[in-house]
Structure formats: C-alpha cells, structure tokens
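Undergrad: Count the sequence shown with numbering that gives the first Met the number 0 and you get residues 0 to 115, in order.
Quick caveat, the hints were computed from the structure, so don't treat them as lab data. Beta carbons are placed, not taken as given, at the ideal position from N, Cα and C, and that holds for glycine. Careful, some of the hints might be misleading.
Unchecked claim - Distance condition first, Cα-Cα at most 25 Å in a straight line; then the derived PhoX-like pairs of lysine-lysine:
id, residue 1, residue 2
1, K76, K55
2, K73, K26
3, K55, K73
4, K74, K27
5, K76, K27
6, K56, K27
As the list claims (entries may be wrong) - Label pairs and their computed distance ranges (CB to CB):
id, residue 1, residue 2, range
7, K74, P19, 39 to 47 Å
8, I97, K74, 19 to 27 Å
9, K56, D7, 28 to 36 Å
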Amino acid sequence: MVKTHQTDEFTRYLIDRLQPMGPVIAKKMFGCYGLFIEGLMFALVADDVLYLKADKKSAAVFQANNLPPFSYSKKGKTICLNYFQSPDELLENDSELIDWANQAFSCALNSHGVSK
0 MVKTHQTDEF TRYLIDRLQP MGPVIAKKMF GCYGLFIEGL MFALVADDVL
50 YLKADKKSAA VFQANNLPPF SYSKKGKTIC LNYFQSPDEL LENDSELIDW
100 ANQAFSCALN SHGVSK
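Let the sequences and hints guide you as you build the complete structure.
TA: Written as structure tokens, this is what we have:
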C-alpha cells in the first residue's frame, strides 16, 4: 500500500516506481516532499525534480555529471543540502532508478549510524 500525505502526481509516480525498495512514505516538508523508508529520508522531490541523498563519495559522482544539489535561500544566503538532482535517464529506467535510490538509502543509513 502506498502511504502519502496529499502528494502531487509526480511524487505519487515516483513512490509507485520505488515500491520494490519497500514501503515508501512521502511527507510534505517546506513546500517539498521527503521520501522515507523505515523512517529515514533518502530522497527529496521539489518542483517535479527528484533529489537523492548523497555522501562524500556519491556527491562527487553527482558533481562530475553536473547534477546540482538541492538548495534554498534563507536570510539572503543559499543553503545546499546533501541531496543531488538525479540524472534524467533514471526516470526512463526502473532498474537504474532503484539502483540509485538504494545508494541514496545507504547514505541515509550511514548518516544515521545504521548498518544494513
């Protein structure tokens, strides 16, 4: 069963495609949606763009592919989070999407000191 909190169409689409990972829950956060598995946020959806959680190693891969981090402005400053725009081709390939999302979930686990 897909659990959502009044999600938009694109977010529901992503949740459906990510179900092989386990129950994905979307929570509205500051005008965006956080995607969670087992209480850990591994992805962010903003303005119909999927951003995936990254660590130092995976951030380098995103940066090498010119994929920007999610950012917002606060008090005149730009704040960048460790969530990077996913490659467009992920939306066309389920197995690639799941692979990248699993890596993002691993980053979420590691950042919380949880091992698989």
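Undergrad: Under the criterion that the straight-line Cα-Cα distance not exceed 25 Å, is the pair K76, K27 satisfied?
TA: With Cα atoms ~23 Å apart, K76 and K27 stay inside 25 Å; holds.
Undergrad: Does the structure keep K56 and K27 at a Cα separation of 25 Å or less?
TA: violated (28 Å)
Undergrad: State, for the Cβ atoms of I97 and K74, whether the hinted interval 19 to 27 Å holds or is violated.
TA: For I97 and K74 the Cβ distance comes to about 38 Å; the hint is violated.
Undergrad: Need the status of pair K73, K26: alpha-carbon distance at most 25 Å?
TA: Holds, because 21 Å separates the two Cα atoms, which is no more than 25 Å.
Undergrad: Given the hinted pair K74 and K27, is their Cα-Cα distance within 25 Å?
TA: Holds, at about 22 Å.
Undergrad: Is the hinted range of 39 to 47 Å satisfied by the C-beta distance from K74 to P19?
TA: The hinted range 39 to 47 Å holds for K74 and P19, with Cβ atoms some 41 Å apart.
Undergrad: Just to be careful, I want the Cα atoms of K76 and K55 compared with a cutoff of 25 Å; is the pair within it?
TA: holds (22 Å)
Undergrad: Could you grab the alpha-carbon distance between K55 and K73 and see if it respects the 25 Å cut-off?
TA: holds (24 Å)
Undergrad: Using the beta carbons of K56 and D7, state whether their distance is inside 28 to 36 Å or not.
TA: Holds, since K56 and D7 (Cβ atoms, about 31 Å apart) stay within the stated range.
The structure is inconsistent with the numbered hints 6, 8, although it conforms to all the rest.
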